[in-house]
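Make a model of the complete structure from these sequences and hints.
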Amino acid sequence: MGLGFNLLFVLVLVPLTLVLLWCWLGAKKMIFGKILGGLWLGVVAIIVLSFSIQYFTSKIELTKDDFYGSYVVDGSMFPGRQSDWQYDHFRFVIDRNDSIRFYVTNKQAVLRIYKGSVSAVTSYRSARLAIRMEQPTHPILQSNPTIYRSHSAFILVFASGIYGNMFFTKGK
Numbered sequence: 704m705g706l707g708f709n710l711l712f713v714l715v716l717v718p719l720t721l722v723l724l725w726c727w728l729g730a731k732k733m734i735f736g737k738i739l740g741g742l743w744l745g746v747v748a749i750i751v752l753s754f755s756i757q758y759f760t761s762k763i764e765l766t767k768d769d770f771y772g773s774y775v776v777d778g779s780m781f782p783g784r785q786s787d788w789q790y791d792h793f794r795f796v797i798d799r800n801d802s803i804r805f806y807v808t809n810k811q812a813v814l815r816i817y818k819g820s821v822s823a824v825t826s827y828r829s830a831r832l833a834i835r836m837e838q839p840t841h842p843i844l845q846s847n848p849t850i851y852r853s854h855s856a857f858i859l860v861f862a863s864g865i866y867g868n869m870f871f872t873k874g875k
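For what it's worth, this note's numbering labels the leading residue of the sequence shown as 704, then goes sequentially.
Just so you know, nobody snuck in bad clues.
Listed below are the simulated DSS-like cross-link pairs for lysine-lysine, each with C-alpha atoms no more than 25 Å apart in a straight line:
id, residue 1, residue 2
1, Lys818, Lys767
2, Lys818, Lys875
3, Lys873, Lys762
4, Lys875, Lys762
5, Lys875, Lys810
6, Lys873, Lys767
7, Lys873, Lys810
8, Lys875, Lys767
9, Lys873, Lys818
Have a look at the derived ranges for each label pair, beta carbon to beta carbon:
id, residue 1, residue 2, range
10, Ala856, Arg804, 21 to 27 Å
11, Val747, Ser846, 46 to 52 Å
12, Ile738, Met780, 51 to 57 Å
Since the hints were derived computationally from the structure, they do not count as laboratory data.
Every residue, glycine too, gets a C-beta built ideally from N, C-alpha and C.
Quick look at the structure:
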């Protein structure tokens, strides 16, 4: 928890708990015990709620290993004929030896392969992908991708002068 909770705990909850406990034991009235129980039940409920909200709203923190795998065009971002066509014509693979192979395809038939290497910039909380392609390369791979993260997944977005933003996700 943060500084505010620690201050609340030390300056308010502990003294209030001691006073209520002393009143409950000294006066033998059940109302002080009920107030004390309600107070701590509320504190525990707030803590559980806080951790639950943080768990469901936090973004995945990526490491270099998370980037390894096969990527395809994510047609759910902008569904339609253009994304279907992109899905049938572009995909890439990032291997554990830090190489990238970008495939230009016609559905299952591979027309051309562009090769390069990848590295992860780890000076941020979540790793970022840096791509170095052998020249000449495909226009989609002219710059490093932007990474959009959610709670459990991420999407690589390449800014292409030809196709606009292209969204890639892990998949087959």
